[in-house]
Amino acid sequence: KAGVTQTPRYLIKTRGQQVTLSCSPISGHRSVSWYQQTPGQGLQFLFEYFSETQRNKGNFPGRFSGRQFSNSRSEMNVSTLELGDSALYLCASSLGQNQDTDTQYFGPGTRLTVL
Amino acid sequence: ILNVEQSPQSLHVQEGDSTNFTCSFPSSNFYALHWYRWETAKSPEALFVMTLNGDEKKKGRISATLNTKEGYSYLYIKGSQPEDSATYLCALLEMNKIIFGKGTRLHILP
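In order, the protein sequence lines correspond to chains A and B.
The opening position of the first sequence corresponds to residue 6 in our numbering, with each subsequent residue numbered one higher.
The opening position of the second sequence corresponds to residue 1115 in our numbering, with each subsequent residue numbered one higher.
Hints may contain errors.
Said to hold, decoys possible - To give an idea of the interface, some chain B residues facing chain A are shown, with a C-beta separation under 8 Å as derived from the structure:
1) 1145
2) 1168
3) 1172
4) 1214
Said to hold, decoys possible - The list that follows gives simulated cross-link-like pairs (lysine-lysine, DSSO-like), each with its CA atoms no further than 30 Å apart:
5) B:1211 / B:1171
6) B:1156 / B:1173
7) A:18 / B:1156
8) B:1172 / A:18
9) B:1216 / A:18
10) B:1156 / B:1183
11) B:1192 / A:18
12) B:1216 / A:62
13) B:1156 / B:1216
14) B:1183 / B:1171
15) B:1211 / B:1173
16) B:1183 / B:1211
17) B:1156 / B:1192
18) B:1173 / B:1216
19) B:1216 / B:1192
20) B:1192 / A:62
21) A:18 / A:62
22) B:1172 / B:1192
Calculated directly from the structure, the hints in this document are not laboratory data.
Please read all numbers here as calculations on a predicted model, not as lab measurements.
C-beta: ideal position from N, C-alpha, C; glycine also.
Make a model of the complete structure from these sequences and hints.
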């Protein structure tokens, strides 16, 4: 079974621009979660999508948004980029049956640099 | 504010030695605790999902215990090997929130 894939792997943008990241989950997984990893804050939860609906949301500003398609692929969008948005963005997929105990499988991440 | 603490932040262990580290969390409204291993240049890999007080899980040389009453989980590695070098993360699930600790960075010395 193919693992979780994320594209692109690396991205450089300038302040004020917007960016879209993509995540393809493991086949059969219906839940996709997004995380931001920064050296200072560690791994932080952005949001989770299940069956094309946002089911959970972390404490990030509205500039961070996402969506999920009928094939469970998910995209994350960040508008009006700030320098502090430079981070590794990870997505993880799971079956989605139990949010607390499902095993999450992580993708390789997208490294975003904002100049 | 829900806070998950991991200690120590970093650990150097001689190859062949056993080691353990801690994940501490507020004990109220506990739902589940996840442990992950994150090797450099790779993706985080799930190790254990723990839900019940007194839970003990084992995977090869790695095991974990859970005490929800006092709010901690221990991860043990027996007979450390070079491939155990990684950051070990715990994540607390509580009412649809997931909070990660900052991790314990484990270095195995040859």
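So, going through the hints one by one against the coordinates:
1. 1145: The hint holds - residue 1145 of chain B has a Cβ within 8 Å of chain A, the shortest such distance being about 4 Å.
2. 1168: Since the shortest Cβ distance to chain A is 16 Å, the answer is violated.
3. 1172: Constraint on residue 1172 of chain B not satisfied, violated at 16 Å.
4. 1214: holds (4 Å)
5. B:1211 / B:1171: OK: residue 1211 of chain B and residue 1171 of chain B at ~23 Å, within 30 Å.
6. B:1156 / B:1173: holds (20 Å)
7. A:18 / B:1156: Holds, at roughly 24 Å.
8. B:1172 / A:18: With Cα atoms ~44 Å apart, residue 1172 of chain B and residue 18 of chain A exceed 30 Å; violated.
9. B:1216 / A:18: holds (27 Å)
10. B:1156 / B:1183: violated (34 Å)
11. B:1192 / A:18: Violated, at about 45 Å.
12. B:1216 / A:62: Answer holds: residue 1216 of chain B to residue 62 of chain A is near 20 Å, not above 30 Å.
13. B:1156 / B:1216: holds (17 Å)
14. B:1183 / B:1171: Distance of about 18 Å is within 30 Å: holds.
15. B:1211 / B:1173: Answer holds: residue 1211 of chain B to residue 1173 of chain B is near 26 Å, not above 30 Å.
16. B:1183 / B:1211: This hinted pair holds, its Cα atoms lying about 19 Å apart.
17. B:1156 / B:1192: holds (23 Å)
18. B:1173 / B:1216: holds (23 Å)
19. B:1216 / B:1192: Between residue 1216 of chain B and residue 1192 of chain B the Cα gap is close to 23 Å, so the pair holds against 30 Å.
20. B:1192 / A:62: violated (37 Å)
21. A:18 / A:62: At roughly 25 Å apart (the allowed maximum being 30 Å), residue 62 of chain A and residue 18 of chain A satisfy the hint.
22. B:1172 / B:1192: Measuring from Cα to Cα gives roughly 11 Å; hence the hint holds.
Hints 2, 3, 8, 10, 11, 20 from the earlier list are contradicted by this structure; the remaining hints agree with it.
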